[in-house]
Amino acid sequence: MQFVKYDIEDKIGYITLNRPEKRNALSYEVVSELKEAFSRASADDEVKVIVLAAEGKAFCAGADLAYIQQLQSNTFEENLEDSNHLKELFYQIYTLNKVVIAQVQGHAIAGGCGLATVCDFVFTVPEAKFGYTEVRIGFIPAIVKVFLLRKIGEMKSKQLLLTGELITASDASNYGLINKIVNLKQLKIEVRNFAEMLIKNNSGQSMAFTKQMIAKVQEMSLEQALDYAAEKNAEARATDDCKKGISSFLNKEPINW
Numbered sequence: 010m011q012f013v014k015y016d017i018e019d020k021i022g023y024i025t026l027n028r029p030e031k032r033n034a035l036s037y038e039v040v041s042e043l044k045e046a047f048s049r050a051s052a053d054d055e056v057k058v059i060v061l062a063a064e065g066k067a068f069c070a071g072a073d074l075a076y077i078q079q080l081q082s083n084t085f086e087e088n089l090e091d092s093n094h095l096k097e098l099f100y101q102i103y104t105l106n107k108v109v110i111a112q113v114q115g116h117a118i119a120g121g122c123g124l125a126t127v128c129d130f131v132f133t134v135p136e137a138k139f140g141y142t143e144v145r146i147g148f149i150p151a152i153v154k155v156f157l158l159r160k161i162g163e164m165k166s167k168q169l170l171l172t173g174e175l176i177t178a179s180d181a182s183n184y185g186l187i188n189k190i191v192n193l194k195q196l197k198i199e200v201r202n203f204a205e206m207l208i209k210n211n212s213g214q215s216m217a218f219t220k221q222m223i224a225k226v227q228e229m230s231l232e233q234a235l236d237y238a239a240e241k242n243a244e245a246r247a248t249d250d251c252k253k254g255i256s257s258f259l260n261k262e263p264i265n266w
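So the mapping is simple: the numbering used here equals the position in the sequence shown, first residue as 1, plus 9.
It is worth saying that the hints were derived from the structure and are not from the lab.
Bear in mind the structure is a predicted one, so any value in this text is a computation, not a measurement.
Keep in mind that the hints are not guaranteed to be accurate.
Unchecked claim - Only pairs whose alpha carbons sit at most 27 Å apart, straight line, appear in this in silico DSS-like list of lysine-lysine: (1) K14 to K66; (2) K209 to K20; (3) K160 to K241; (4) K225 to K107; (5) K209 to K167; (6) K194 to K165; (7) K209 to K220; (8) K154 to K107; (9) K189 to K138.
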C-alpha cells in the first residue's frame, strides 16, 4: 500500500496513515487502503487489538480539498459513490470485530476528527486540536454526524458541528471525544500499555460481542434491546472463551487469553 502501513507486534495490529506531506488528508485511494488494512486486521488471527496511528505532525487534516474540488464536476451518482466509500470505512471501524484505539499525535480535523470519533478509544497529546470544520467551507459533516450523536449526544454535537470551531484536547476530553491525554513522548507507550492490558486481561471474543451489541442496541426499542441482550447472553455461555474463563476463575488459575 502507498499511503497506509500495516504492521503487527505482540498481537497489536498497527494501521498507520503515511501521507505526512499532505497532513494525511483523505482521498479515494487513502480510504481504499484504510478499508483494505482494517479488513486484513479483522481477519488476522495474529491481531487482537488494532491501533490507528499516523506519521508526521498531523493525525489527519480531513478530506483532500484538491480532491474534493475535482469531485465538484462529477455527477450526483459519482459523488454518491464517493460518499458511500467513506461511509463504509467509518461503519467498518465502528462495527469491526476488534477493538480500535486511535493514537492521535497531532491535529484531527473534519474527516480526520471523524476517523477518531468512530474508534473505540482515543489517546492524544495536549497540543492536538479537534473539530468538524466542514460548515466553514460550505460543506457538511454529514457522515460523522451519525456517529457523533451516538457518542456525545445532541447538544454537544450541535455545538461542534454547527460552529465548526476547533477545540483543544482538554475540551475534547470534556466533550467525551477522547479518553486520555498524554505527552507526545509517552503517547506510543501509553497506547501500547493499554492495548497490552486489553490483550492480557480480556477475551477477544467477548470484546467483539460487546462492541457489536453496543452498536446495535441503540437502534432498538427497549424491549427489542433486552430480548437481543438476553439472546447474546445465552449464546455467550456456550462459547469456548466463557467456559475457559469460568473454569479458570473457579479453579483459581490464571487465564491465558
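query: Between K209 and K20, is the straight-line Cα distance small enough, at 27 Å or below?
result: Answer holds: K209 to K20 is near 10 Å, not above 27 Å.
K154 paired with K107 [C-alpha distance capped at 27 Å]: At roughly 23 Å apart (the allowed maximum being 27 Å), K107 and K154 satisfy the hint.
query: Given the hint that K209 pairs with K220, does the C-alpha gap stay at or below 27 Å?
result: holds (18 Å)
- prompt: Holds or violated: K14 with K66, Cα cutoff 27 Å?
  reply: Holds. K14 to K66 sits at ~17 Å (cutoff 27 Å).
message: For a C-alpha distance cap of 27 Å, please report whether K160 and K241 respect it.
response: holds (23 Å)
message: Please verify whether K209 and K167 have alpha carbons no more than 27 Å apart.
response: violated (39 Å)
27 Å limit on alpha-carbon distance, applied to hinted pair K225 and K107: Distance of about 16 Å is within 27 Å: holds.
message: Against the 27 Å threshold, does the CA-CA distance of K194 and K165 hold or violate the hint?
response: violated (31 Å)
query: Are the Cα atoms of K189 and K138 separated by 27 Å or less?
result: holds (14 Å)
In summary, the numbered hints that this structure violates are 5 and 6.
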